[in-house]
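Student: Mind docking chains B and C on chain A? Use the hints.
The residues making up each chain are set out below.
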Amino acid sequence: MIKSSINEQASALPRRAAPLEVRDLTVAYHEKPVLWDVDLSIPEGQLCAIVGPNGAGKSTLIKAVLGLIPKASGTVQFFGQPLEAARRRIGYVPQRSSVDWDFPTNALDVVLMGLYGRLGWFRRPGKAEREAAMHALEQVGLTAFAHRQIAQLSGGQQQRVFLARALAQASDLYFMDEPFAGVDAVTEAAILQVMRELKKQGKTVVVVHHDLETVRDYFDHLTLLNVQVIASGPLEQTFTPENLKATYGERMSVGVGR
Amino acid sequence: MDLLAGIFTDYTLRNVALGAALLGLVGGVLGSFATLRRQSLLGDVLAHAALPGICLAFLLTGTKAPLILLLGAGLAGWLASLLMLAILRSTRLPEDSTLGVILSGFFGFGIGLLTFIQHSGDSDQAGLDKFIFGQAATVVGEDVLTMAVLGGVALLLVGLLYKEFKLLTFDPAFASSLGLPVRGLGTLLTSLTVIAVMIGLQTVGVVLMAAMLIAPAAAARQWTNRLSTMVWLSAAFGVLSGVLGAVISATRENLPTGPLVVLTASLITLFSLLLAPERGLVWDWRRTRNNRRRIRLERLLLDAHVLYNHAELTPESLAQRRRTAPARAKEELEELAARGWVTGRGERWELTEQGHAEAHRLEQAMRVLPKALNPRAEGGAGGAA
Amino acid sequence: MKALHLWALALVLLLSACQVQDFALRPIDGDRPVRAVATANFVTDLVQQIGGERVQVTGLMGPGVDPHLYKASAGDVRKLTQADVVFYSGLFLEGKMVELFEKMPKAIAITDAIPHELLIAPEGGFEGTYTYDPHVWFDVSLWAHTAEAVRDGLSKVDPAGAGYYAERTRQYQARLQELDAWVKQEIGRIPPAQRVMVTAHDAFGYFGRRYGLEVRGLQGVSTVAETGTRDVQELAAFLAERGIRAIFVESSVPRRSVEAVVAAVRARGKELRIGGELFSDAAGDPGTPEGTYVGMVEHNVRTIVSALLGGEHP
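For the protein sequence lines, the chains are A, B and C, in the order given. The opening residue of the first sequence carries number 1 in this note's numbering; numbering runs sequentially from there. The opening residue of the second sequence carries number 1 in this note's numbering; numbering runs sequentially from there. The opening residue of the third sequence carries number 1 in this note's numbering; numbering runs sequentially from there.
Next up, chain A with everything else stripped away, as it sits in the complex:
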């Protein structure tokens, strides 16, 4: 990316701020860098994938951008604003494995948690909130499971509950951390449908994706990450053998040049 010309253009034209603008992001544990000098610009209204080998820092990128882990350096802007100002416009679907599903609560309750941001301190969820939550569950096809204890849900259903929770946040920008990992075909289809629906509504979705086979079918924008950004841009331009080799090393063997 040529930073200077972008800046010139920015001052010349009145531009809508990008949903996500990351500059020089670096995250390190002890001496080892996990993310190094990451620059990223996510375009609005598209389905964007972040892809890379294990340990590439993909989850870390999302967490650092959302302020969940400290960063060593860098700036992050959402729609031209810092995180604190833009929180209402951001939705988050964490990895399914990040919680203990034996928690005593049901699917509806979990989705309601997505509305806590709107409720603020001290207020309890009421009828309006319940309806919004049920609506979100409907969108992922889990209406019948609203009162099911979450431990009794299958992996795919749990993933959809997390998705519904994010939908309840009614955001403009969504972050999803490996939403397709280990889910059944029905769930995969449901998630994809939701994503496409969001795109139709003009929302932006950033997804950490684990499966190179499906990247081309599902996404418009691709970022290849391996501690540093190898390439980032529209899918067709970015998904090339050279870029993949640079990201994954020689052991790449997905049918790329088809």
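Careful, some of the hints might be misleading.
A few chain B residues facing chain C, derived, Cβ under 8 Å [unchecked claim]: (1) 10; (2) 11; (3) 12; (4) 115; (5) 127; (6) 130; (7) 133; (8) 137; (9) 140; (10) 191; (11) 251; (12) 252; (13) 254; (14) 277.
By construction, these hints were calculated from the structure, which means they are not laboratory data. Just so it is clear, CB atoms sit at the ideal spot from N, CA and C, and this is done for glycine as well.
Tutor: Relative to the frame of chain A, chains B and C by itself:
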């Protein structure tokens, strides 16, 4: 019952029972969150860490006023929890090792201080060691008042911040993404647990306090899948343990109240672990046993069904197919007959209408074609879903 | 490396063998004061009285220390090892040190000098370990016997001082006889109906028997066990029923339990105040009159008499 009436009429029993009930109430509520956050042993750390706080408070002020000592206990417990968090964040020491190190470190320091005070010849120090095991029977009106105020504050905060604590416990990452001050809330929750410990120190003492945070919550979890119900139940179990423990200790001389309260709470937990529906061990065992039996019968029926359709259903053919002895096969046929799935006697058996219907239903449900009789057809059998 | 291990092992064994020697009772060599160690501070006082200038006594327990609960520290063990002779009360008063003393020939239980028929054995015994009530020192006549145990023990390690110790024992026993008579006289001033004494734990059995008082404690003979709710209730009921107006706290037992009884009795609408602090399992601060055995007894008696006569004691 005279004894139960005594809870209201007798000054001693009333205050002891109230004190124990307050402990149970606050311990039950805060223990619910502690156990769900997998910080059950934190209560143990806080309680053991209180000992040096009590000793230092005595050394610095020279008095044994309960409020001063409890304040010392609370501060020390709080310090221990902060230290623990700091160690967890900045080193690679796993959680249980950190807990162990802090617990034994603080407690050892406390015992050292206690010994030092005992040897120092200050005649006013008698009774500090009573904090190790508590002296529930000596709770009087003022103590109950102190406990009620402290407990009230803690419970009020839990009530106000219930949904925040719930989210924090379930999914701290998501909570953080919403902008919730996760660290601050976590510290607050731990601080409220410190208050619970302060209430419990005079009643059950340092060593047994952890039980009052863990047992009622663990028991409550067994009976419900909703957090709100769990918290209420946990509080109820706590209060019950407190009152029962106090009442039982009032039936005979030389029965220590604190340990009895803990014993009652433990029995309630044991009962819940074994007998609660769905999660209880006894129910689990019964369910497993029933499942196994059912599956065996279903496979048996399917075997009988295949035999009946493609050859003939006799004890010999069944025995051969199931690779058992004919005598056993006969017993199995009787079992099927008992369920109304087959009829017949001796050598000739057939499936009933019910049996046919059930077999078909099973085949549909399992989408499995039972092994065909003909070995050639074996390879072509459909695969399970 | 194996050879090194063997030498190390041999060294450790040799050193531990050396330790054992230190617990035997042997006459001292040379002309120096006898190093004596005593446990409870009234025992320390006794050894001081009998030993005089020929003995240097160190006491392990200070005022306010409960001998039932006291655990020896490493420093204490060192003192015990370096001593020529050790005196302890015995009859399981020093509950947590008994094991230690049983391994030490040079440790002498002074209550061994009291004929067993004179000891109080409560029915059923208590807690398995107590055959006899150990609080013998409040019967001044019994305490006079223990002086002889100290005299004999000191004479064994310091034969040259035998005569000195014998003389001092005679003088002290005379003093104790006077004290005994005085206590009888003082208690005699209390009308028989008022001669009931309630304390924090059952430390005054011998006192009651010798001087004609009914005594009762909240806790049993040992303070090790936790007070139970029923114990508080029963004592409160007893006090209210009998109309007793004073209860006594003890210097080495926490006040809290007694205060709980006071609160319970007051809730029943009866008067009860704390009649004063008694020295039960420990004498007072060293250097004060109450720091000696005689002073301790005198303080107790004055406090009891004053309170039971309805005096203005706080």
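Student: Could you work out which earlier hints the structure fails to respect and list their numbers in ascending sequence?
Tutor: 10 and 14
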